[in-house]
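Enquirer: Take these sequences, add in the hints, and give me the full structure.
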Amino acid sequence: MTQIASPAPNPQARVLNTAEAPTPRRACNTTVEQPGGVNTTIYVYYNNCGTLRLRLTPFGRAVAFDGSYTYVGSCAAVPGGTTVGWAVSPSQFPPVETHNWGLTNCM
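Using our numbering, you'd call the opening residue of the sequence shown number 57 and step up by one each time.
FYI, nobody ran anything at the bench for these hints, they're computed from the structure. Each hint can be trusted.
DEER-style ranges, computed between Cβ atoms:
| hint | residue 1 | residue 2 | range |
| --- | --- | --- | --- |
| 1 | Gly-92 | Val-119 | 18 to 26 Å |
| 2 | Ser-145 | Val-119 | 16 to 24 Å |
| 3 | Asn-95 | Gly-136 | 29 to 37 Å |
| 4 | Arg-70 | Asn-161 | 15 to 23 Å |
| 5 | Gly-158 | Gly-92 | 15 to 23 Å |
| 6 | Asn-95 | Gly-137 | 30 to 38 Å |
| 7 | Gly-92 | Asn-156 | 17 to 25 Å |
| 8 | Pro-146 | Gly-106 | 27 to 35 Å |
We treat Cβ as the ideally placed atom computed from N, Cα and C, and that holds for glycine.
Expert: Have a look at this one:
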């Protein structure tokens, strides 16, 4: 699978601060929400139920080919026992149709 940085004018997904992140307790690992429906902001959350600190960033898999768009400038630390969220606005979407949004490790 190829990794391609999003070519949008502002390719960084915005890491949500604690005031912006919704307060309900989330299930462990990754949760993806798009409350406004198609072509609206996508919210990706990671609830780290473990003890290790992780560095993660959002990605979206392309529909038409075997590749993904990774937001390389949006890496965030997720310490054990915390939840971190990212917001990906429509202006930051890849130039191709995507599906299966999630998170990947930052190196």
